[in-house]
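Asks: Single-letter residue listing:
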Amino acid sequence: MPENKHNLATGNVSFWNDPAKRSLVFQAILFLAVFAVGYIIYQNTQHNLESRGITTGFEFLDAEAGFGIIQSLIPYDETHSYGRTFVVGLLNTILVAALGIFFATILGFLIGVARLSHNWLIARIAAVYIEIFRNIPLLLQIFFWYFAVLRLLPGPRQSLELANVAFLNVRGVYLPSPVLGEGFSWVLAALVLALIVIFFIKRWARRRQSETGDQFPVFWASLGVLIGLPFIVFLLSGASLQWEIPELKGFNFRGGLTIIPELSALLIALTIYTAAFIAEIVRSGIESISKGQTEAARALGVSPGKTLQLVIIPQAMRVIIPPLTSQYLNLIKNSSLATAIGYPDLVSVFAGTTLNQTGQAIEVISMTMAVYLTLSLLVSLFMNWYNKRMALVER
Amino acid sequence: MIHNDNKLPDLPPPKNTTGIIGWAKENLFSSPLNSILTIIAGYLLYISLVPAIEWAFVKADWLGDSREACTSGGACWVFITARLNQFIYGFYPEELYWRVNIVFAMFSVLVAALVIERTPYKGWIASFALIVFPVIAFFLLYGGGFDLKIVETHKWGGLMLTLVLAVVGIVAALPFGILLALGRRSDMPVVKSFCVIFIEIWRGVPLITVLFMASVMLPLFIPEEVSFDKLLRALVGIVMFQSAYMAEVVRGGLQAIPKGQYEAAKALGLNYWKSMGLIILPQALKMMIPGIVNTFIALFKDTSLVLIIGLFDLLAIVQAGLSDPKWLGYSVEGYVFVAFVFWVFCFGMSQYSQALERKLDTGHKS
Numbered sequence: 001m002p003e004n005k006h007n008l009a010t011g012n013v014s015f016w017n018d019p020a021k022r023s024l025v026f027q028a029i030l031f032l033a034v035f036a037v038g039y040i041i042y043q044n045t046q047h048n049l050e051s052r053g054i055t056t057g058f059e060f061l062d063a064e065a066g067f068g069i070i071q072s073l074i075p076y077d078e079t080h081s082y083g084r085t086f087v088v089g090l091l092n093t094i095l096v097a098a099l100g101i102f103f104a105t106i107l108g109f110l111i112g113v114a115r116l117s118h119n120w121l122i123a124r125i126a127a128v129y130i131e132i133f134r135n136i137p138l139l140l141q142i143f144f145w146y147f148a149v150l151r152l153l154p155g156p157r158q159s160l161e162l163a164n165v166a167f168l169n170v171r172g173v174y175l176p177s178p179v180l181g182e183g184f185s186w187v188l189a190a191l192v193l194a195l196i197v198i199f200f201i202k203r204w205a206r207r208r209q210s211e212t213g214d215q216f217p218v219f220w221a222s223l224g225v226l227i228g229l230p231f232i233v234f235l236l237s238g239a240s241l242q243w244e245i246p247e248l249k250g251f252n253f254r255g256g257l258t259i260i261p262e263l264s265a266l267l268i269a270l271t272i273y274t275a276a277f278i279a280e281i282v283r284s285g286i287e288s289i290s291k292g293q294t295e296a297a298r299a300l301g302v303s304p305g306k307t308l309q310l311v312i313i314p315q316a317m318r319v320i321i322p323p324l325t326s327q328y329l330n331l332i333k334n335s336s337l338a339t340a341i342g343y344p345d346l347v348s349v350f351a352g353t354t355l356n357q358t359g360q361a362i363e364v365i366s367m368t369m370a371v372y373l374t375l376s377l378l379v380s381l382f383m384n385w386y387n388k389r390m391a392l393v394e395r
Numbered sequence: 001m002i003h004n005d006n007k008l009p010d011l012p013p014p015k016n017t018t019g020i021i022g023w024a025k026e027n028l029f030s031s032p033l034n035s036i037l038t039i040i041a042g043y044l045l046y047i048s049l050v051p052a053i054e055w056a057f058v059k060a061d062w063l064g065d066s067r068e069a070c071t072s073g074g075a076c077w078v079f080i081t082a083r084l085n086q087f088i089y090g091f092y093p094e095e096l097y098w099r100v101n102i103v104f105a106m107f108s109v110l111v112a113a114l115v116i117e118r119t120p121y122k123g124w125i126a127s128f129a130l131i132v133f134p135v136i137a138f139f140l141l142y143g144g145g146f147d148l149k150i151v152e153t154h155k156w157g158g159l160m161l162t163l164v165l166a167v168v169g170i171v172a173a174l175p176f177g178i179l180l181a182l183g184r185r186s187d188m189p190v191v192k193s194f195c196v197i198f199i200e201i202w203r204g205v206p207l208i209t210v211l212f213m214a215s216v217m218l219p220l221f222i223p224e225e226v227s228f229d230k231l232l233r234a235l236v237g238i239v240m241f242q243s244a245y246m247a248e249v250v251r252g253g254l255q256a257i258p259k260g261q262y263e264a265a266k267a268l269g270l271n272y273w274k275s276m277g278l279i280i281l282p283q284a285l286k287m288m289i290p291g292i293v294n295t296f297i298a299l300f301k302d303t304s305l306v307l308i309i310g311l312f313d314l315l316a317i318v319q320a321g322l323s324d325p326k327w328l329g330y331s332v333e334g335y336v337f338v339a340f341v342f343w344v345f346c347f348g349m350s351q352y353s354q355a356l357e358r359k360l361d362t363g364h365k366s
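Here the protein sequences come in this chain order: U and V.
Position one of the first sequence corresponds to residue 1 (full-length UniProt numbering), numbered consecutively onward.
Position one of the second sequence corresponds to residue 1 (full-length UniProt numbering), numbered consecutively onward.
Source of the hints: derived by calculation from the structure; they are not laboratory data.
Just to be clear, a hint being listed does not mean it is correct.
[What the hints assert, rightly or not] Keeping only pairs whose Cα atoms sit at most 30 angstroms apart, straight-line, the calculated DSS-like set for lysine-lysine is: (1) V/LYS259 - V/LYS192; (2) U/LYS333 - V/LYS192; (3) U/LYS21 - V/LYS25; (4) U/LYS291 - V/LYS25; (5) U/LYS388 - V/LYS259; (6) U/LYS306 - V/LYS192; (7) U/LYS306 - U/LYS388.
[Stated by the list, open to error] Partial list, derived from the structure: chain V residues whose beta carbon lies under 10 angstroms from chain U: (8) LEU44; (9) ILE47; (10) VAL50; (11) MET188; (12) ALA320; (13) VAL332.
[As the list claims (entries may be wrong)] To be clear about the criterion: a stretch of chain V counts as covered by chain U if any three or more of its residues have a C-beta under 8 angstroms from a C-beta of chain U, and this derived list gives those stretches: (14) 20-30; (15) 102-116; (16) 135-142; (17) 160-168; (18) 189-197.
Even for Gly, the Cβ is constructed at its ideal location relative to N, Cα and C.
Start from the sequences, fold in the hints, and give me the full structure.
Replies: So, in structure tokens, the structure goes:
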């Protein structure tokens, strides 16, 4: 700021009227104030913890947990430690968040495009869907699916069934689970190999197109490689994949893959709720591309499908990605509502049961918050990177 | 050559391009694919809407005081009507409902006055609503002064509690949010980093963990002698959380003010607070109103989470009603009712915010 320089140079300005010094003093005061508040909180906490006989530190993570969890992606039982409950909860959170993001993105894009459909009825249905589901609290929707829908399903003996291999009842969804034979690792290796081959096909095709102008059907070739290569290996390795079909034994189904109703309810609610927001984002993204672009592409003889794929979507994505990122973050954070219906996510298992048993509120809550902060930062880092790659390059 | 100057009268447009048929042809059956989609969608609507309407209205029972009144086989709204007082007032003493009603009435009048465009003295009404009304509302709801009997907050519940949480949350979060946003755009590195850290932490964690923190950690932070009301603790959590979101809304508004305005303020010799208070914030706030309304909608829906820490908001009252052995099995009615109440509020607000966005479009964006 030039006028300050002049004042400083002449040196006849009072201390309080010099913006630079004043801001230094102000910042020092603020720093001290924050420090003091922190210190008072620390003192109070120390005193309170002592008088209530609560131990501090992270030793409790090694102690035996002694409670069961209805769904765990890694082996877990009552004898495992509290630290293990943290990991189990974290994995369950990641599972529901990843599935939720996957389904909500698909449904959201479908509804967003339907909202712009030329078909009046379809556009209206999409609009009503959006207005209904985004204006009702998510927790209420979770309760609705869990208590009002899934709880009213028939018991195991009267299960709804699909072709005698998949079953739906009040205890959950029962699906056949794959049993991997010995040679199956070769199939996985072939899958990885196929992905690498596709990467090189793409590069080669792009170079050939820019040199000779000839197009190569990259999509169909890639699809062929992706399905064909693992399939051949699968046959060669002796078709070593079997399915374990759930069977009704006693009061419940045994074997197969079980999706507990808590997970289904949470996933349905998260998907439907978030999709309503994503649909609006997709609509505004597509609407932001001026109509002239479509007309120009069509005038050049580009087919409607190619216009959408090569002209509209890439540009719309630039508008879509930043708000879409916030929706992904919201979905991850919203998955914590699992605790209300007892799906064993991080908040439910760790900030719920573990906190109640150990009483170590500070450690447990901070760890939980740190996890969500880290997840949020990771997702936004990734999406920002992606956003930058897609961004318009100007000058 | 005979020249006939008599024009033929204009013919009406072809029948199948106007009226319902023309409209349907253009909007529903413009191509084979569209026709198929229309028929499928129409069929799906028919098989879902007809039974739903039949359930909710035609075969429904409305009045009575126990489940025996539900005989028609449709929705049993008796579950709602019999408990309507609890849904609105929670466990507030019945003889004191008038106090809550006065607050409701004042609140509605104030909101109406602020929303209707032609109200005179809007500034004064807004200041009254933000400064005087909360004090009156507090004394009416809680009691304490003026010979009013105290009603402990654990008796508050239902729609009343939902509204208290939402309104206090937003009104208290607004000033904090403005300060945080100004801090985030400040030139002072210490101020800026404190604000950025505060905002990013609260925005990065779920509201549930904030509420857990408020309910289990906050009592550890304060001296033992001070007891802290459960509702107040939840409010502290909500305000912290919401002010971070509000700060980002305000920041958006501040960024939308052209640089020339800041420079003009400086050129006039105004200091920081004067230029913010007289030039920047009034313009930014006006632009932010839609954003604030959206934050309010989000907050309004989020208030339902307090049931997890044991407060009885509207949703929690329904949950409690469902576990009453006298009313087992009426969960659908309960959820539909609460969903409808929340929906009316949220949809109304979102329509209002969209109308504002159109009205306030000053052309800054394009």
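Asks: Against this structure, judge whether each hint is valid.
Replies: To see whether the hints hold, each was checked on the structure:
Between V/LYS259 and V/LYS192 the alpha-carbon distance is near 20 angstroms, which keeps this suggested pair within the 30 angstroms criterion. Between U/LYS333 and V/LYS192 the alpha-carbon distance is near 26 angstroms, which keeps this suggested pair within the 30 angstroms criterion. Using a Cα cut-off of 30 angstroms, the hinted pair U/LYS21 and V/LYS25 is violated, with the two alpha carbons roughly 74 angstroms apart. For the hint linking U/LYS291 to V/LYS25, the alpha-carbon distance of about 23 angstroms falls within 30 angstroms, and the restraint holds.
Among the hinted pairs, U/LYS388 with V/LYS259 is consistent with the structure: their alpha-carbon atoms are about 26 angstroms apart, no more than 30 angstroms. Of the supplied pair hints, the one linking U/LYS306 and V/LYS192 is violated, its CA atoms being roughly 47 angstroms apart against a limit of 30 angstroms. Distance hint between U/LYS306 and U/LYS388 is fulfilled; the C-alpha atoms sit about 24 angstroms from each other, no more than 30 angstroms. Hint status for V/LEU44 relative to chain U: holds, with the closest Cβ pair at about 8 angstroms, below 10 angstroms.
The beta carbon of V/ILE47 is not positioned within 10 angstroms of any beta carbon in chain U (closest approach about 14 angstroms), and the interface hint is therefore violated. Proximity of V/VAL50 to chain U is violated relative to the hint, the smallest CB-CB distance being about 16 angstroms (cut-off 10 angstroms). About 5 angstroms separates the beta-carbon of V/MET188 from the nearest beta-carbon of chain U, less than 10 angstroms, and the hint is met. The criterion of a C-beta within 10 angstroms of any C-beta in chain U is not met by V/ALA320, whose closest approach is roughly 12 angstroms, and the hint is violated.
Annotation: V/VAL332 was flagged as interfacial toward chain U, and the flag holds, the nearest CB pair being 5 angstroms apart, inside 10 angstroms. For a cut-off of 8 angstroms, the count of residues in the segment 20-30 of chain V with a CB near a CB of chain U stands at 3, and the three-residue condition holds. Look at the segment 102-116 of chain V against chain U: 0 of its residues bring a Cβ nearer than 8 angstroms to a Cβ of that chain, fewer than three, so the hint is violated. With 0 residues having a Cβ less than 8 angstroms from any Cβ of chain U, the segment 135-142 of chain V misses the three-residue criterion, and the hint is violated.
Closer than 8 angstroms: that is the beta-carbon criterion, and the segment 160-168 of chain V has 0 residues meeting it against chain U, so the requirement of 3 is violated. Coverage of a stretch by a chain is defined here by at least three residues with a beta carbon nearer than 8 angstroms to that chain's beta carbons; for the segment 189-197 of chain V and chain U the count is 4, and the condition holds.
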